[in-house]
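**Student:** Sequence:
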Amino acid sequence: MSFTTLIFDSNIQLDNLSLSTKPESYAFGRRLYRCQIEQQQYWLKFHLINSHDVLEQAFERELSFYQQNSQVRHSFLLPHQIIPLCHIKHDDDFPQHGVGLLSVATNIFFSHIQATDSIQVIYYKILTALQAIESMHQLGWVHGDFKAEHFRLYENSCRLIDFEQSYQLQPIQNLTATPHYMAPELFHGKPKTVQTDLYAFGIIVYEWLSQSKLTAKNYHEWAVLHCQKLEIELPDELRCFLPLLTGLLQKHVKQRFSSAIEVKNCLNTIDLL
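Numbering (the UniProt record's numbering), first residue to last: 1 to 273.
Everything labelled a hint here was simulated from the structure, so no lab data went into it. A few of these clues could be false.
Unchecked claim - Derived lysine-lysine pairs resembling DSS-like cross-links, with alpha carbons at most 25 Å apart:
#1 Lys-190 with Lys-254
#2 Lys-190 with Lys-89
#3 Lys-147 with Lys-190
#4 Lys-254 with Lys-264
#5 Lys-190 with Lys-229
#6 Lys-251 with Lys-229
#7 Lys-229 with Lys-147
#8 Lys-125 with Lys-22
#9 Lys-213 with Lys-229
#10 Lys-254 with Lys-147
#11 Lys-125 with Lys-213
#12 Lys-147 with Lys-213
#13 Lys-125 with Lys-264
#14 Lys-22 with Lys-217
#15 Lys-147 with Lys-125
#16 Lys-125 with Lys-190
#17 Lys-190 with Lys-217
#18 Lys-264 with Lys-147
#19 Lys-229 with Lys-254
#20 Lys-22 with Lys-89
#21 Lys-264 with Lys-217
#22 Lys-22 with Lys-213
#23 Lys-89 with Lys-147
#24 Lys-264 with Lys-251
#25 Lys-217 with Lys-229
#26 Lys-251 with Lys-213
Starting from the given sequences, assemble the full structure and let the hints guide the process.
**Tutor:** Structure follows, in structure tokens:
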């Protein structure tokens with residue numbers, strides 16, 4: 001099977017299939033498998049038909065995103081393919097209706113910072129991720145659910161995954177979000193935008209640079225943290241990135257960076273010496 005030519009083998013055999021779905025999602029009909037095809041590792045994702053309307057619609061939204069962007073091999077996407085589930089050969093009882101999203105398995109992009117990583121290496125990592133975000137935003141898409149695990153490393157580049165909350169042109173009503181990464185305005189019922197994407201990216205970069213995780217016990221505590229109490233602190237050797245984080249994590253939209261280009265311009269002014 002080749003993701004270069006996107007030719008699907010209708011007799012494809014999935015080897016070493018292992019279920020990776022979270023228990024709650026599994027109960028609602030979501031299925032995520034890790035598998036192997038011809039020595040290559042893949043993820044297979046699908047949703048059982050007529051099991052949970054909201055999650056099923058979210059998965060359909062992701063499929064629609066990939067279908068709308070299938071004509072060009074965008075640099076921010078992993079190699080992927082939408083496949084009929086009835087074509088999958090495996091001993092397990094796979095559904096015979098619907099389709100699945102097959103994509104190359106990859107490692108997380110923002111891996112742990114090593115003591116040997118220079119400021120230049122860290123700078124380039126952030127810039128590479130920004131280029132992926134910029135490419136998506138330039139197509140008119142808002143991702144809507146950035147979190148660290150949605151940035152993946154593939155062929156020395158950053159790729160984005162999980163477009164279940166994405167939209168183009170007009171915000172979709174009642175989209176869900178992860179409070180850990182929510183911009184302050186989202187707690188007040190405002191729609192997701194390019195700037196809410198950038199705020200979430202700011203949280204990701206901040207946690208990566210500080211090698212720490214923000215914590216809160218419930219939705220209310222997350223709201224208080226993001227809307228009132230978030231304070232940015234970095235190790236002395238990484239304080240050069242404070243202007244970047246300050247611009248990404250402004251509580252008020254009008255004061256926050258408005259585009260990935262603006263973020264890159266700030267990044268380019270950082271003195272790496």
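**Student:** Run every hint past the structure and note whether it holds.
**Tutor:** Status of each hint after checking the structure:
Our distance criterion of 25 Å between C-alpha atoms is met by Lys-190 and Lys-254, whose separation comes to about 14 Å. Between Lys-190 and Lys-89 the alpha-carbon distance is near 45 Å, which puts this suggested pair outside the 25 Å criterion. Simply put, Lys-147 and Lys-190 have alpha-carbon atoms about 19 Å apart, close enough for the 25 Å limit, and the pair holds. The hinted pair formed by Lys-254 and Lys-264 meets the criterion: a straight-line CA distance of about 18 Å does not exceed 25 Å.
For a cut-off of 25 Å, the pair hint linking Lys-190 to Lys-229 stands: about 20 Å separates their Cα positions. Straight-line distance between C-alpha atoms of Lys-251 and Lys-229 comes to about 10 Å, which keeps the hinted pair within the 25 Å bound. In summary, the hint linking Lys-229 to Lys-147 is supported, as the alpha carbons are separated by about 20 Å, within the 25 Å threshold. Distance hint between Lys-125 and Lys-22 is unfulfilled; the C-alpha atoms sit about 29 Å from each other, more than 25 Å.
Between the alpha carbons of Lys-213 and Lys-229 the distance comes to roughly 15 Å, so the proposed pair stays at or under 25 Å and holds. The straight-line distance between the Cα atoms of Lys-254 and Lys-147 is roughly 23 Å, inside the 25 Å bound, and the hint therefore holds. As the CA atoms of Lys-125 and Lys-213 are separated by approximately 19 Å, the hinted pair is consistent with the 25 Å bound. Of the pairs offered as hints, the one joining Lys-147 and Lys-213 holds, with about 12 Å between alpha carbons and a cut-off of 25 Å not exceeded.
Our distance criterion of 25 Å between C-alpha atoms is met by Lys-125 and Lys-264, whose separation comes to about 12 Å. The hinted pair formed by Lys-22 and Lys-217 meets the criterion: a straight-line CA distance of about 20 Å does not exceed 25 Å. For a cut-off of 25 Å, the pair hint linking Lys-147 to Lys-125 stands: about 16 Å separates their Cα positions. Restraint check for Lys-125 and Lys-190: the C-alpha separation of about 31 Å exceeds 25 Å, so the hint is violated.
Between Lys-190 and Lys-217 the alpha-carbon distance is near 23 Å, which keeps this suggested pair within the 25 Å criterion. Among the hinted pairs, Lys-264 with Lys-147 is consistent with the structure: their alpha-carbon atoms are about 20 Å apart, no more than 25 Å. For the hint pairing Lys-229 with Lys-254, the CA-to-CA distance comes to about 19 Å; that is within 25 Å, so the pair holds. For the proposed pair Lys-22 and Lys-89, the alpha carbon gap of about 24 Å is at most 25 Å, so the pair holds.
The hinted pair formed by Lys-264 and Lys-217 fails the criterion: a straight-line CA distance of about 34 Å is larger than 25 Å. A distance of roughly 21 Å separates the Cα atoms of Lys-22 and Lys-213; the hinted pair therefore holds under the 25 Å criterion. For the suggested pair Lys-89 and Lys-147, the alpha carbons sit about 33 Å apart, so the restraint of at most 25 Å is broken. Restraint check: the Cα-Cα separation between Lys-264 and Lys-251 comes to about 20 Å, which is no more than 25 Å; the hinted pair holds.
A threshold of 25 Å between alpha carbons decides the hint, and for Lys-217 with Lys-229 the separation of about 15 Å falls inside it, so the pair holds. The suggested pairing of Lys-251 with Lys-213 holds, with an alpha-carbon distance near 19 Å, which does not exceed 25 Å.
Taken one by one, the earlier hints fail for this structure at numbers 2, 8, 16, 21, 23, listed in ascending order.
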